[in-house]
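Asker: Protein sequences, first through last, are from chains G and A. For the first sequence, the numbering used here gives the first residue as 1, with consecutive numbering after it. For the second sequence, the numbering used here gives the first residue as 1001, with consecutive numbering after it.
Calculated from the structure, these hints are not laboratory results. Treat the numbers as computed from the prediction; the structure is a model and nothing was measured. Among the clues, some could well be false.
[As the list claims (entries may be wrong)] Examples of chain G residues toward chain A, derived with CB under 8 Å:
1. 52
2. 66
3. 88
4. 97
5. 145
Each residue gets a CB set at the ideal place from its N, CA and C atoms; glycine is no exception.
The chain contents come next:
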Amino acid sequence: MIEPGTPAPEFTLARGDGEKFTRADLEGETTVLVFYPFAFSPVCTDQLNLYDEVLGDLAERGATLYGVSCDATWSQTAFREQLGVSIEQLSDFEPKGETCRAFGVYHPGGFPQRALVIVGPDGVVKWSYEAASPGDLPGANLIFDGLAA
Amino acid sequence: MTELGSAPVPPLAPDDHVRGPADAELVVEYADFECPYCAVLSAQLADRSLRRAFRHFPVRSSHPRAWPAACAAEAAGLQGRFWEMHDLLFADQARLEDPHLWQRARELYLDLPKFDSDRRSEAVLARVRRDFESGIRAGVVTTPTVWAGGVLYPGRVDQATLDGLTGER
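Take these sequences, add in the hints, and give me the full structure.
Answerer: Here's what the structure looks like:
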C-alpha cells in the first residue's frame, strides 16, 4: 500500500451528492481516508460506529475522516443513514476500485482492503496502515498514533 | 486536547467500580448497558470468583441509549448504588428510556432530583467519557471487551476462555 512520504496520487471519488472528491480536496486539510470492504457488512458497521464517536477529537486536531468503499453512492448513503453516523462517504464505484488501486489497497477479491491513510495538508501521505485481514478492525487509537507520527 | 493515542489499559483508579474478592483474579469489562452480549457476559461472570471492574464503552450509533444508561449508573454511584443500578440496567435492556431510568432510581430509593441532575451533569459525562477514552487508547473496538491477565478479549467470550480466567479447567 502507499507509503508515508509519498505524494497522494491523482484520483477521483464520488461524494454523496454526486460531486467529485479529488486530490485537490486534500490540499490544505489533514485527511483520514478509511478504506472499508463493504457497506452493511458486520465489521465495517462496527468500524464506522466506533470512528464516528471520535470525530470531534479528530476535528480538534484539524483532521477530517472519510469512509471509502467500492459501493455505489446510493448504497453508501443508505449505510450511513441506517447507522446514524455522520462520516462522509466517498464512492470508488466507477471505474471500480481505481482509487483503491492508486493507493495500493485494492483486494484481489474486488473490494478495498481495510486500510487507513492519513494525508497531510501538503498532499503527502503522512501515515498508512493496512489490517492484517479485512476482518480485523483497527482501533481508533491507531488513527491518533498516525496523526501524532 | 484529550490524548487518544495508544496506551495500556490503565490500572484501577480509586473511583473505578470494582466488586468481588480483593484477592481474586482481576477482570476489567469494557461494556455498555444496551449491549446484549455485555448482559450475557455479566451474568456469566457473576457466578465466578473474580474481582470485576466495570468501565463504560458506549457507542452512540450502535446503542443510542448506552450513554444515558451509563450516566444513570454513574449518578446512582454518586449515591452509593452503582452496582445495584448496573444489575437493574442489564436485567431489562428493553427499557432504557428516561422514565425507565427514573423507575429504577425509585426502586433503589435514590434521591430522584439529585439522580436526575447528576446524570445530566458535566462531571458524570466526563466520568463516562474517561472510561471510553481509556478503552479507545487500549485498542478496544467492540463490546464487550474483557481485559484479564494483560490480554484483551474482544467480543463474546467463550466458555473455555472464561474457565481459564478463573482456573476452572
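Asker: Which numbered hints does this structure break?
Answerer: Hints 2, 3 and 4 contradicted; others consistent.
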